[in-house]
Amino acid sequence: MYEVIWHGRGGQGVVVAAQMLAEAAYLQEFKGVTSAPTFGPERRGAPLTASTRIAQEPIRIFSQIVEADIAVVLDESLFKVVDIFSRLRKNGLLIINTQTPLETWDEQGEYRIAIVNADGIALKHHLSKEGAPVVNTPMLGAFARASGLVSLENIEKALNHKLSKEQGGRNFTAVKAAYEETIVREKKD
Amino acid sequence: MSNVQIMTGNQAAAIGAKLSSVQVIAAYPITPQSQLAEILSQYIEGGELKAEYVRVEGEHSALTVCISASTVGARVFTATSANGLLYMHEQLHWAAGSRLPIVMCCVNRGVGAPWTIFNDQQDSISQRDTGWIQIYCRNNQEILDTVIQAYRIAEEVYAPVMVCYDGFVLSHTMMPVAIPDPELVKDFLPPYQAHTILSPEDPRTLNAVLFPWRRANSEGVLCDGYMEMRYKLQAALERSPAVIEETSRRFAEVFGRDHGGLSWGYRMEDAELVMTGMGSIASEAMQAADMLRDEGIKAGVVGIRVFRPFPAKTLKEAFRGAKGIVIFEKGISYGYEGALCSDLKAAFYGSENQAPAHNYIAGLGGRDVKARELADAARASWMEMQTGIVEKPTTWLNCYTG
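Protein chains in written order, with my numbering: chain A, 188 to 376; chain B, -9 to 392.
In short, the hints are calculated from the structure, not lab data. Please note that the accuracy of each hint is not assured.
Said to hold, decoys possible - If you want a taste of the chain A side facing chain B, the calculated C-beta under 8 Å gives, among others:
{"id": "1", "residue": "ALA209"}
{"id": "2", "residue": "ALA223"}
{"id": "3", "residue": "PRO224"}
{"id": "4", "residue": "GLN243"}
{"id": "5", "residue": "ILE246"}
{"id": "6", "residue": "PHE249"}
As the list claims (entries may be wrong) - Simulated pairs of lysine to any residue, SDA-like, Cα-Cα distance not exceeding 20 Å:
{"id": "7", "chain 1": "B", "residue 1": "LYS360", "chain 2": "A", "residue 2": "ALA319"}
{"id": "8", "chain 1": "B", "residue 1": "LYS360", "chain 2": "A", "residue 2": "ARG276"}
{"id": "9", "chain 1": "A", "residue 1": "LYS349", "chain 2": "B", "residue 2": "GLN32"}
{"id": "10", "chain 1": "A", "residue 1": "LYS344", "chain 2": "B", "residue 2": "ASN(-7)"}
{"id": "11", "chain 1": "B", "residue 1": "LYS313", "chain 2": "B", "residue 2": "HIS249"}
{"id": "12", "chain 1": "A", "residue 1": "LYS218", "chain 2": "B", "residue 2": "TYR33"}
{"id": "13", "chain 1": "A", "residue 1": "LYS344", "chain 2": "B", "residue 2": "ARG229"}
{"id": "14", "chain 1": "A", "residue 1": "LYS349", "chain 2": "B", "residue 2": "LYS360"}
{"id": "15", "chain 1": "A", "residue 1": "LYS218", "chain 2": "B", "residue 2": "SER(-8)"}
{"id": "16", "chain 1": "B", "residue 1": "LYS360", "chain 2": "A", "residue 2": "ALA233"}
{"id": "17", "chain 1": "A", "residue 1": "LYS218", "chain 2": "B", "residue 2": "HIS249"}
{"id": "18", "chain 1": "A", "residue 1": "LYS316", "chain 2": "A", "residue 2": "GLY227"}
{"id": "19", "chain 1": "A", "residue 1": "LYS218", "chain 2": "B", "residue 2": "GLN277"}
{"id": "20", "chain 1": "B", "residue 1": "LYS360", "chain 2": "A", "residue 2": "ILE246"}
{"id": "21", "chain 1": "A", "residue 1": "LYS344", "chain 2": "B", "residue 2": "TRP372"}
{"id": "22", "chain 1": "B", "residue 1": "LYS360", "chain 2": "A", "residue 2": "TYR189"}
{"id": "23", "chain 1": "A", "residue 1": "LYS349", "chain 2": "B", "residue 2": "TRP372"}
{"id": "24", "chain 1": "A", "residue 1": "LYS352", "chain 2": "A", "residue 2": "HIS313"}
{"id": "25", "chain 1": "A", "residue 1": "LYS349", "chain 2": "B", "residue 2": "ILE29"}
{"id": "26", "chain 1": "B", "residue 1": "LYS360", "chain 2": "A", "residue 2": "MET188"}
{"id": "27", "chain 1": "B", "residue 1": "LYS360", "chain 2": "A", "residue 2": "ILE252"}
{"id": "28", "chain 1": "B", "residue 1": "LYS360", "chain 2": "A", "residue 2": "GLN251"}
{"id": "29", "chain 1": "A", "residue 1": "LYS218", "chain 2": "B", "residue 2": "ASP248"}
{"id": "30", "chain 1": "B", "residue 1": "LYS360", "chain 2": "A", "residue 2": "SER273"}
{"id": "31", "chain 1": "B", "residue 1": "LYS360", "chain 2": "A", "residue 2": "ARG274"}
{"id": "32", "chain 1": "A", "residue 1": "LYS344", "chain 2": "B", "residue 2": "ILE29"}
{"id": "33", "chain 1": "B", "residue 1": "LYS360", "chain 2": "A", "residue 2": "GLU244"}
{"id": "34", "chain 1": "B", "residue 1": "LYS360", "chain 2": "A", "residue 2": "ARG247"}
{"id": "35", "chain 1": "A", "residue 1": "LYS349", "chain 2": "B", "residue 2": "ILE169"}
{"id": "36", "chain 1": "A", "residue 1": "LYS374", "chain 2": "A", "residue 2": "GLN251"}
{"id": "37", "chain 1": "A", "residue 1": "LYS218", "chain 2": "B", "residue 2": "GLN(-5)"}
{"id": "38", "chain 1": "B", "residue 1": "LYS176", "chain 2": "B", "residue 2": "LYS360"}
{"id": "39", "chain 1": "A", "residue 1": "LYS218", "chain 2": "B", "residue 2": "ASN(-7)"}
{"id": "40", "chain 1": "A", "residue 1": "LYS349", "chain 2": "B", "residue 2": "ASN(-7)"}
Where a beta carbon is used, it is the ideal one built from N, C-alpha and C, also for glycine.
With the sequences and hints as input, model every part of the structure.
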């Protein structure tokens, strides 16, 4: 079973991203998928998480994820306020929306690191909401590239299931761009 | 070709109600049920469901509308949680006493004070004695399927059914759910035919004040007294386990899914240490059983779906061979122990099964309960049982009690 935690801020669409990933993974023939928001009330701008579980067999557990296999960080500033590493297992995969170069993450040698400038990609493709770039869908592209668990084709299907044709198309263009531009660094021994 | 969608428990319940062709819905939104009420009102507003949505100012009225609509022959649905359910308390008794086949979802949530919006099962457990059938679901597929089954059960025995599922844990978690073919549902669940319909053409006085003894009515016919009417409610619930099992069997034949009528078992063939519970915690316990099996402990799970009527006979059989029983409950009868624990022990009274039973109170107010923690608790009890600790006070799992 793969356990994924999405870190973002209220309004960034982490819950929707977690749902779309579950849907894409199901289309990828994983029989067990669940996605859950942080249980409880949510506030715009406040740090929050959502989670996705992906497994070959139907999932029987609904408790919170302790240590994820994969953490996706939609907002880099969260590293200052949330202990993202405490909920990511050693050797896990960390996927970050950032503009800082890979060397910045040298200290985190025990993780696989994937970086992508999802902000830039979103703005380039006119994906913004209330002036802020929409990064949840581009991060699905980064996820596909870095994890290899879901195909772009199935992400496209999941997008089109949730969005209008025009929106789905625009978001998928950004997903593809993010997929292309994601850089992965293997863990350091 | 199965139609599988990834959805929340609330969506699954809404689809179940829609497929059951409910005619009247009255619900008052409350977390974590709100999404269910919203989806149903969307179905009606969008013309997908030909039903009347009656907006009300509170849960007492919501159930009162359902009672009235059911009395005039409609198939009705409502849903609530926690304090909303408790606000219905008087009308829960009324619905059961009136023998109306109302189906309600209770999206389980802890009860205030202090306020919590998070999950436990104190709300529905505390309504145990209102005369409602209670069924607890362990995943979203079971929620959808159980709502449909509930109408068949309710309309067969003339008793209301509460379909319970854990708030947030299931209500807000998305997972794959197969949506049954609407035509097959129509065959499985034909339109409701009420045995008595109150109408202006046939005016009646229903549920008038009864005297302690049976009495002749104005036409000289000897009628039931209060106690006979109440006995008939008890008799209906005593008869219902057979109906619930038959409904489950028939459902499995038509739709290919069997959630277990009254209870279900996991790795029970040679199990010595048996964990039990209701709802999502029983599902989580399956993983705990696997962990214990890996350590060489013969562990299994009995998941209890139906809490009222309490399936004592079935459970005596299900627990046969158990050398130790560990009961996980998301509620408690304050001053004693978990209600499920008491009922289960009572079922074994005088029987061959005198296995020690340990009771764990877990997950109150949404406190997370992991499979690992269930396994640790069950293992600790198993060790204690080996040393002869048959009875012990309730253990509060993951709780500072020092």
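Verification of the supplied hints:
1. ALA209: Check passed: Cβ of A:ALA209 comes within 5 Å of chain B, closer than 8 Å.
2. ALA223: 4 Å, holds
3. PRO224: A:PRO224 check passes; min Cβ-Cβ to chain B is 6 Å, inside 8 Å.
4. GLN243: 13 Å, violated
5. ILE246: Holds: closest Cβ of chain B sits about 7 Å from A:ILE246, inside 8 Å.
6. PHE249: With a closest approach of 5 Å, the A:PHE249 hint holds.
7. B:LYS360 - A:ALA319: 37 Å, violated
8. B:LYS360 - A:ARG276: 17 Å, holds
9. A:LYS349 - B:GLN32: 17 Å, holds
10. A:LYS344 - B:ASN(-7): 15 Å, holds
11. B:LYS313 - B:HIS249: 26 Å, violated
12. A:LYS218 - B:TYR33: The hint is violated at about 29 Å.
13. A:LYS344 - B:ARG229: With a Cα-Cα distance of about 48 Å, the restraint between A:LYS344 and B:ARG229 is violated, given a limit of 20 Å.
14. A:LYS349 - B:LYS360: 31 Å, violated
15. A:LYS218 - B:SER(-8): Holds. A:LYS218 to B:SER(-8) sits at ~14 Å (cutoff 20 Å).
16. B:LYS360 - A:ALA233: Violated. B:LYS360 to A:ALA233 sits at ~26 Å, over the 20 Å cutoff.
17. A:LYS218 - B:HIS249: 18 Å, holds
18. A:LYS316 - A:GLY227: 24 Å, violated
19. A:LYS218 - B:GLN277: 17 Å, holds
20. B:LYS360 - A:ILE246: Within the cut-off at roughly 13 Å; holds.
21. A:LYS344 - B:TRP372: 49 Å, violated
22. B:LYS360 - A:TYR189: Status holds; Cα separation ~16 Å.
23. A:LYS349 - B:TRP372: 48 Å, violated
24. A:LYS352 - A:HIS313: Given that 20 Å is the threshold and the Cα spacing comes to 16 Å, the pair holds.
25. A:LYS349 - B:ILE29: With a Cα-Cα distance of about 16 Å, the restraint between A:LYS349 and B:ILE29 holds, given a limit of 20 Å.
26. B:LYS360 - A:MET188: 15 Å, holds
27. B:LYS360 - A:ILE252: 9 Å, holds
28. B:LYS360 - A:GLN251: 8 Å, holds
29. A:LYS218 - B:ASP248: Since the Cα atoms of A:LYS218 and B:ASP248 sit roughly 18 Å apart, the hinted pair holds (cutoff 20 Å).
30. B:LYS360 - A:SER273: Distance ~18 Å between B:LYS360 and A:SER273 Cα, so the pair holds.
31. B:LYS360 - A:ARG274: Roughly 15 Å between the alpha carbons, so the hint for B:LYS360 and A:ARG274 holds.
32. A:LYS344 - B:ILE29: Measuring from Cα to Cα gives roughly 23 Å; hence the hint is violated.
33. B:LYS360 - A:GLU244: Holds: B:LYS360 and A:GLU244 sit about 19 Å apart, inside 20 Å.
34. B:LYS360 - A:ARG247: 11 Å, holds
35. A:LYS349 - B:ILE169: 18 Å, holds
36. A:LYS374 - A:GLN251: Distance of about 26 Å is beyond 20 Å: violated.
37. A:LYS218 - B:GLN(-5): 12 Å, holds
38. B:LYS176 - B:LYS360: 39 Å, violated
39. A:LYS218 - B:ASN(-7): Roughly 14 Å separates the two Cα atoms, so the pair holds.
40. A:LYS349 - B:ASN(-7): 17 Å, holds
Hints 4, 7, 11, 12, 13, 14, 16, 18, 21, 23, 32, 36, 38, counting from the list given before, are not met by this structure.
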